[in-house]
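**Q** Residues per chain are reported as follows:
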Amino acid sequence: MPGHRTKGFCASAAALALCAVLAGCSGPGETVGGGKVVLRYTWWGNPDRAERTEQAVAMFEKQHPNIDVTTSFSGYDAYKQKLATQAAGGDAPDVMQLDYRQIDQYASGGVLLDLAQQKSVLRTSEIDQGLLATGRVDDVQYAVPQGRGTETVAYDVETWKRSGVPLPGESWTWSQWADTMRALAKKTGKPGATDPGQSEDAFEVWLRGRGKALYTEDGRLGFTAGDLTRWWTFTDKLRREGAVSPAEQTTQLDGSVENTPLGRGTSVTDANWDAPASGFLALVPTGVALAPMPSGEDGTPGQYFKPSMFLGVSANTGHPKEAAQLVDFMINDRQAAKILGASRGIPVNETIRDAVGPELKDFDKTIADFQTSLDGKLKDPPQAPPSGDNALQSTFQRDYDQVSYARMSPREAAENYVTEAKAELRS
Amino acid sequence: MTTTAISPEAKPAPATTPKRRPKREREGAAWVFLSPWVLGATVLTLLPMAVSLYLSFTDYDLFNPPKWVGLRNYVQMFTEDPRYWRSVVTTVTYVVIAVPLQLALALAVALALKGMKRGKGFYRSAFYAPSLLGASMSIALVWRAVFNDGGTVDNLFGTGGWVNKPGFALLAVALLTVWQFGAPMVIFLAGLQQIPAELYEAAAVDGASKWRQFLSVTVPMLSPVLFFNLVLQTIQAFQVFTPAFAVSAGKGGPADSTLVYTMYLYDRGFVASHMGYASAMAWVLLVVIGIVTAVLFRTSRSWVFYASEGDR
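Top to bottom, those sequences are chains H and E. The opening position of the first sequence corresponds to residue 1 in our numbering, with each subsequent residue numbered one higher. The opening position of the second sequence corresponds to residue 1 in our numbering, with each subsequent residue numbered one higher.
These are computed hints drawn from the structure, not numbers from a lab. C-beta: ideal position from N, C-alpha, C; glycine also. It cannot be assumed that every hint is accurate.
As the list claims (entries may be wrong) - In silico negatives: residues of chain H with every beta carbon more than 10 angstroms from chain E:
{"id": "1", "residue": "GLN55"}
{"id": "2", "residue": "TYR79"}
{"id": "3", "residue": "VAL121"}
{"id": "4", "residue": "PRO166"}
{"id": "5", "residue": "GLU248"}
{"id": "6", "residue": "ASP254"}
{"id": "7", "residue": "PRO285"}
{"id": "8", "residue": "ARG398"}
{"id": "9", "residue": "TYR405"}
{"id": "10", "residue": "VAL418"}
Claimed, not checked - Cut-off 27 angstroms, straight-line C-alpha distance, at most; resulting in silico cross-link-like pairs (BS3-like, lysine-lysine):
{"id": "11", "chain 1": "H", "residue 1": "LYS82", "chain 2": "H", "residue 2": "LYS212"}
{"id": "12", "chain 1": "H", "residue 1": "LYS82", "chain 2": "E", "residue 2": "LYS67"}
{"id": "13", "chain 1": "E", "residue 1": "LYS67", "chain 2": "H", "residue 2": "LYS422"}
{"id": "14", "chain 1": "H", "residue 1": "LYS161", "chain 2": "H", "residue 2": "LYS119"}
Claimed, not checked - Pair by pair, the computed Cβ-Cβ distance ranges are:
{"id": "15", "chain 1": "H", "residue 1": "GLY211", "chain 2": "E", "residue 2": "ASN64", "range": "33 to 39 angstroms"}
{"id": "16", "chain 1": "E", "residue 1": "TRP211", "chain 2": "H", "residue 2": "GLY265", "range": "53 to 59 angstroms"}
{"id": "17", "chain 1": "H", "residue 1": "GLY287", "chain 2": "E", "residue 2": "ILE289", "range": "30 to 36 angstroms"}
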């Protein structure tokens with residue numbers, strides 16, 4: 001090969017390599033030609049939430065012609081993994097939706113911006129102060145909750161009514177709930193509920209109903225293997241009786257409403273968070289209603305109002321001001337609130353809650369009415385779970401899988417979980 | 001370019017040929033041509049490997065800087081983590097099921113193709129196609145749908161959803177691998193065509209049946225190729241990830257029955273954010289694959305027959 005061609009080849013190879021490197025380096029908050037600021041905004045949720053969020057974002061872009069927002073969303077399980085990887089690589093999105101369980105880890109890991117720096121554009125005065133505080137870690141406001149959510153027993157109204165079993169009332173205890181599920185299973189021929197044994201959330205409600213908590217205030221495990229054994233023995237028995245979903249269906253849960261037994265038409269109810277329950281409407285077109293979670297045997301409520309879906313800004317963002325503007329818009333803009341409705345729970349901005357509340361319709365209204373029915377009855381939410389909890393959620397599911405497939409006794413699995421949890425919380 | 005010395009034009013006086021450039025300059029050119037590979041290998045393979053070796057001695061949660069913990073990850077893995085050992089058992093089970101099945105199928109198809117007079121090229125490509133498609137995520141997802149409850153297999157045979165039954169889920173994963181038998185098949189086919197026809201003729205004259213011919217001619221003559229395929233597929237099988245991930249919807253379930261080694265490694269690293277532990281697992285896997293390969297090579301002396309050594 002003649003010399004001059006080698007040179008040309010080298011140059012083009014170098015250029016190619018450089019291109020690849022540059023392409024790989026496009027970090028968060030880059031500016032594209034024309035001076036437009038580009039923000040990346042990611043969240044998890046169902047298609048309904050996605051559609052409304054896109055509409056709200058489009059309105060934001062109209063109001064801020066210099067800002068371009070690129071969005072992406074996925075189911076919660078996938079979102080959690082992707083965000084952790086992005087954050088570790090210093091490439092977290094400019095604006096990201098976070099769960100209560102993630103705040104501690106992300107804040108202490110230096111991923112999130114101190115929002116007080118952007119006070120001028122991000123107003124927090126109208127937000128319910130108690131809820132606002134849940135976005136603080138070590139007295140720094142790292143994230144702002146977007147809504148207030150709580151757990152619910154969503155049910156297929158028509159199937160339930162046809163079964164002749166009395167509809168759920170204002171409250172029920174776990175044993176009343178269990179009897180109802182048995183009755184439903186008997187009358188309808190399909191399980192009454194999703195097996196709640198796999199859900200750390202349901203276990204927490206049950207635990208709080210007995211006056212305990214998942215975690216102590218210093219971030220240790222708040223329950224014993226005995227407590228968990230009792231819970232899993234309870235659900236294991238219900239599963240064996242056919243009152244709740246069989247293992248083959250329970251194992252397919254992945255955080256989306258589509259893969260719940262209720263969503264697949266194989267059970268009558270599903271315990272879920274109230275906001276995502278809107279997704280059931282598309283799957284159970286004859287109608288879905290909400291009942292409260294069961295309480296302790298002495299009537300102690302276990303469920304609580306949880307700040308749902310925080311918004312945080314990346315500490316690495318190139319455009320902190322614009323990112324904060326987007327957060328402000330999603331939380332404090334009245335037009336945006338109208339579009340978003342209750343897709344992320346009931347709005348945290350009290351002025352907006354009062355103004356938009358009466359205008360809510362369809363399932364948004366169902367959620368709002370459900371929350372109103374619980375107002376004043378519930379106990380304070382627990383503090384943000386320790387960082388290890390993020391991993392423990394899936395460990396919980398895994399260990400219960402061993403129970404529901406009858407590979408371990410409830411006691412064995414519970415002891416396994418407690419050992420794993422203690423190791424996780426120590427590290 | 002060590003062959004220059006014997007090239008015809010270099011005969012008169014190699015040292016004084018004006019056309020040839022000095023050796024050093026030619027080496028430089030070689031490095032220039034190698035540079036994309038060297039760059040890739042260093043930046044994308046060697047450096048990350050070195051970093052992962054370091055991380056395996058640390059506690060690293062992706063968010064905070066790694067903390068040196070010495071051998072703790074390794075100790076925890078071997079003594080305190082029952083799920084780790086379950087994943088080891090699952091992986092070995094998978095290897096033992098998938099590799100022999102895949103090789104047997106590849107050999108059977110290769111034998112059938114060898115005897116074909118017409119359409120060989122077509123069938124060879126057709127049987128190879130799954131190997132091209134199978135690595136893709138989409139096929140693995142289709143596989144999950146096929147073996148799920150209400151899927152094709154359930155409807156045809158009333159088996160229920162294999163992917164939701166702990167006793168069958170791993171088999172569904174293994175079948176996805178077995179189905180991709182194209183690469184070993186092509187290698188077998190090439191090996192079969194190398195066996196001299198005289199051997200079969202001689203065997204036939206001696207009155208050997210087809211089965212006898214297979215055992216006494218085909219198998220020994222093919223043993224180097226068989227060995228090559230065995231080593232390659234075993235190494236790959238130990239690292240299986242995509243089929244297990246997709247078929248179990250990313251969870252290694254039901255009841256950890258498809259939680260193969262790399263799936264658990266992924267779970268520790270990316271779900272539980274224990275990158276140090278995951279790195280340690282990766283290094284143990286590397287060492288184990290090395291040992292298994294060495295053992296295979298050691299045993300090969302007693303069963304692999306190289307024609308060139310035949311006279312010894």
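**Q** Give a verdict on every hint.
**A** Now for the hints, and whether the structure bears them out:
| no. | hint | in the structure |
| --- | --- | --- |
| 1 | GLN55 | holds, 30 angstroms |
| 2 | TYR79 | holds, 12 angstroms |
| 3 | VAL121 | holds, 27 angstroms |
| 4 | PRO166 | holds, 32 angstroms |
| 5 | GLU248 | violated, 4 angstroms |
| 6 | ASP254 | violated, 6 angstroms |
| 7 | PRO285 | holds, 20 angstroms |
| 8 | ARG398 | violated, 6 angstroms |
| 9 | TYR405 | violated, 4 angstroms |
| 10 | VAL418 | holds, 13 angstroms |
| 11 | H:LYS82 x H:LYS212 | violated, 33 angstroms |
| 12 | H:LYS82 x E:LYS67 | holds, 23 angstroms |
| 13 | E:LYS67 x H:LYS422 | holds, 19 angstroms |
| 14 | H:LYS161 x H:LYS119 | violated, 51 angstroms |
| 15 | H:GLY211 x E:ASN64: 33 to 39 angstroms | holds, 35 angstroms |
| 16 | E:TRP211 x H:GLY265: 53 to 59 angstroms | holds, 54 angstroms |
| 17 | H:GLY287 x E:ILE289: 30 to 36 angstroms | violated, 56 angstroms |
The structure is inconsistent with the numbered hints 5, 6, 8, 9, 11, 14, 17, although it conforms to all the rest.
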